[in-house]
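Engineer: The primary structure of each chain is shown beneath.
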Amino acid sequence: MTRQEIEGEILSIFRREFEVENPGMDDNLREAYGFDSIDAIELLLGIEKLLGFDLTQEEKKQAMDIRTINQICDYIERIAQARAAAAGKK
Amino acid sequence: MFFSRCFWLAIDFFITILLWGYFLFGYLFLLLLFYIPAYIFSENRAGALQNLNHVHLKIFFAWTRLLIPRTKFAIQKEVREIHSSVVVCNHISYLDPILLISIFQRQRTIVKNTFFQVPIFGWFLRNSGYVPSAPSEMMGPAMINNLESIKEHLAAGGNLFVFPEGTRSRDGKLAPFNKGVFSIARYCNAPLKLIYIKNTNKLFRPGLFLFNARDFIKIQVELISFLEPDYKGNNFSISAVADETRRLYEARIAADENET
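Keeping their order, the protein sequence lines are chains A and B.
Per my numbering, the very first residue in the first sequence carries number 1; after that it's consecutive.
Per my numbering, the very first residue in the second sequence carries number 1; after that it's consecutive.
Keep in mind that the hints were calculated from the coordinates and are not lab data.
The beta-carbon is built from N, C-alpha and C at its ideal position, and this holds for glycine as well.
Hints may be right or wrong, so weigh each one.
[What the hints assert, rightly or not] If we take Cβ atoms under 10 Å as the criterion, some of the chain A residues that face chain B in the derived model are:
1. Glu5
2. Gly8
3. Glu9
4. Arg15
5. Ile38
6. Leu45
7. Met64
[Stated by the list, open to error] In silico EDC-like cross-links for lysine to aspartate or glutamate, where the CA-CA straight-line distance does not exceed 16 Å:
8. B:Lys179 - B:Glu165
9. B:Lys198 - B:Glu228
10. B:Lys232 - A:Glu42
11. B:Lys232 - A:Glu48
12. B:Lys232 - A:Glu19
13. B:Lys58 - B:Glu43
14. B:Lys202 - B:Glu165
15. B:Lys179 - A:Glu48
16. B:Lys179 - A:Glu17
17. A:Lys61 - A:Asp36
18. A:Lys49 - B:Asp230
19. B:Lys179 - A:Asp36
20. B:Lys232 - A:Asp36
21. B:Lys179 - A:Glu19
22. B:Lys151 - A:Asp54
23. B:Lys198 - B:Asp230
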């Protein structure tokens, strides 16, 4: 999945789940849109669906520090690459 | 008239002292006799403490039935049989959470943070696996730990009961719902059981802090519906589940109002 595709999917999740249209990629989600911890769970579940696999507890904990959409995209890329590398080793 | 009112007020006061006395000192007594051994020796510490709490509060309601014979309890069999579910409930009285603990043997809930600061009781709540509503517990890695722990609890047959209104309704009307409970259910991939409590606010009236021994009261706990949303489906929406839940409660309350 390319960076552009990830961004498109994340923006779609924000439109569908949080009714946020065209958020800034570097907006602080908490300050700009009142994003709270329950929203973070919804986002995590959306990311799992996007990636097509369940995140580990550690991976979920890493997501809790995310503040912007760009950071979400970085996170997804990082997880996808780590999983692909792990699968390659096997 | 005046003497009758004074008589019943004295009875209510006496019963209130007895019941809350049992409630508070029962915790202390049980703590010494059972909680500490359960804490030290049980492999499933939280489960053992939940079970003891369940027994303690069952006895509390047995005393209530004995001391207030004019109040009857009608708890549906289907409610008692609920397991591995997120139980959603309306909230009309302080009695509601303790009534649910007396019904469900393995139970967790989200508790106001202030209760965790009460000596002994706070220790007991934390070790029983109840989750504080404090922002520090519902954010960051702590939240993931809590959710994973709830997921394990549900998988082992326990229930999580939550009042989506967050606080007691003073007038019996439904307050706005917090959607957090539905997100927790989705995270845990758990079914939602909607239960309806009626008349606990007549037995223990908001603002009075006295049990009501005079009136004939029937407390009902019934399963009004259960939802098994397709959490992984493309069309799944938390808002739709929350709205459907609210609609079901409103219909149930309206049915009650039509009866009276």
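Engineer: Could you work out which of the previously given hints the structure breaks and list their numbers from low to high?
Structural biologist: 1, 2, 3, 4, 9, 12, 13, 14, 15, 20, 23
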